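Colleague: Sequence:
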Amino acid sequence: MDLPKYNGNIHPDEWVNDIQKYLKLKNNNYSINDYLEIAKTLVDTNISLPTEIDTIEKLRNALKEDISFTVFKSTNKRKLQLLKYIPESYYGYYKSPSNNYTEVSCNSTNHISNSSKYWNDNWKFNDSKLESRQGYLKSNDIINISVKKLYDDR
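Read in order, the letters of the sequence shown correspond to residues 26 to 179 in the numbering used here.
Misleading hints may appear alongside valid ones.
Derived lysine-lysine pairs resembling DSBU-like cross-links, with alpha carbons at most 35 angstroms apart [claimed, not checked]:
(1) Lys109 - Lys49
(2) Lys102 - Lys46
(3) Lys104 - Lys83
(4) Lys65 - Lys102
(5) Lys109 - Lys30
(6) Lys46 - Lys83
(7) Lys83 - Lys51
(8) Lys30 - Lys49
(9) Lys51 - Lys109
(10) Lys51 - Lys89
(11) Lys89 - Lys65
FRET-style restraints, in silico, Cβ to Cβ [unchecked claim]:
(12) Ile63 - Leu107: 36 to 44 angstroms
(13) Asn101 - Leu28: 21 to 29 angstroms
(14) Glu62 - Lys89: 13 to 21 angstroms
(15) Asp69 - Gln45: 17 to 25 angstroms
(16) Arg103 - Asn52: 40 to 48 angstroms
(17) Asn54 - Leu107: 44 to 52 angstroms
(18) Ser56 - Arg103: 17 to 25 angstroms
(19) Val96 - Ser56: 31 to 39 angstroms
(20) Pro29 - Asn86: 32 to 40 angstroms
These aren't lab readings, by the way, just hints derived from the structure by calculation. Because the structure is a prediction, the values reported are computed rather than measured. All C-beta atoms in this analysis are idealised placements derived from N, C-alpha and C, irrespective of residue type, glycine included.
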């Protein structure tokens, strides 16, 4: 792995921390000034740094004030503002808080006529693991039901 050059497309704090971690893993004989000099050489040539940078904190602040980081920050802020949250309940899928299974509600098909008859007559499934019939199937159960239904139809 090579050290990443700084071009304004990453947060300066994260980039400096990555360099420090990388150099600590490679060799523990580096001083703080060595970290600073190596970091300064890895800054893209399009980014002009002031000459009075003598600490890592001053380097971080100078990179945060650079126009490339400002553009990166505002672009990402705009992208985040354009995102629209669509809740899982919109699609009938629910994430169970007690486990990592996605559950599909059998009750969400009520808008289809005769759906309860379809579920009861055509799809026999083992719900013995459920304390009470909750109207939910785990995704693994649905896959097993689909396979069983496929072979039952033959």
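Colleague: If a hint holds in the structure, say so; if it doesn't, say that too.
Modeller: Status of the hints after comparison with the structure:
{"no.": "1", "hint": "Lys109 - Lys49", "in the structure": "violated (41 angstroms)"}
{"no.": "2", "hint": "Lys102 - Lys46", "in the structure": "holds (28 angstroms)"}
{"no.": "3", "hint": "Lys104 - Lys83", "in the structure": "holds (29 angstroms)"}
{"no.": "4", "hint": "Lys65 - Lys102", "in the structure": "holds (27 angstroms)"}
{"no.": "5", "hint": "Lys109 - Lys30", "in the structure": "holds (33 angstroms)"}
{"no.": "6", "hint": "Lys46 - Lys83", "in the structure": "holds (19 angstroms)"}
{"no.": "7", "hint": "Lys83 - Lys51", "in the structure": "holds (25 angstroms)"}
{"no.": "8", "hint": "Lys30 - Lys49", "in the structure": "holds (18 angstroms)"}
{"no.": "9", "hint": "Lys51 - Lys109", "in the structure": "violated (43 angstroms)"}
{"no.": "10", "hint": "Lys51 - Lys89", "in the structure": "holds (27 angstroms)"}
{"no.": "11", "hint": "Lys89 - Lys65", "in the structure": "holds (14 angstroms)"}
{"no.": "12", "hint": "Ile63 - Leu107: 36 to 44 angstroms", "in the structure": "holds (38 angstroms)"}
{"no.": "13", "hint": "Asn101 - Leu28: 21 to 29 angstroms", "in the structure": "holds (23 angstroms)"}
{"no.": "14", "hint": "Glu62 - Lys89: 13 to 21 angstroms", "in the structure": "holds (20 angstroms)"}
{"no.": "15", "hint": "Asp69 - Gln45: 17 to 25 angstroms", "in the structure": "holds (19 angstroms)"}
{"no.": "16", "hint": "Arg103 - Asn52: 40 to 48 angstroms", "in the structure": "holds (41 angstroms)"}
{"no.": "17", "hint": "Asn54 - Leu107: 44 to 52 angstroms", "in the structure": "holds (47 angstroms)"}
{"no.": "18", "hint": "Ser56 - Arg103: 17 to 25 angstroms", "in the structure": "violated (41 angstroms)"}
{"no.": "19", "hint": "Val96 - Ser56: 31 to 39 angstroms", "in the structure": "holds (33 angstroms)"}
{"no.": "20", "hint": "Pro29 - Asn86: 32 to 40 angstroms", "in the structure": "violated (20 angstroms)"}
Violated hints, in rising order: 1, 9, 18, 20; the structure is consistent with all others.
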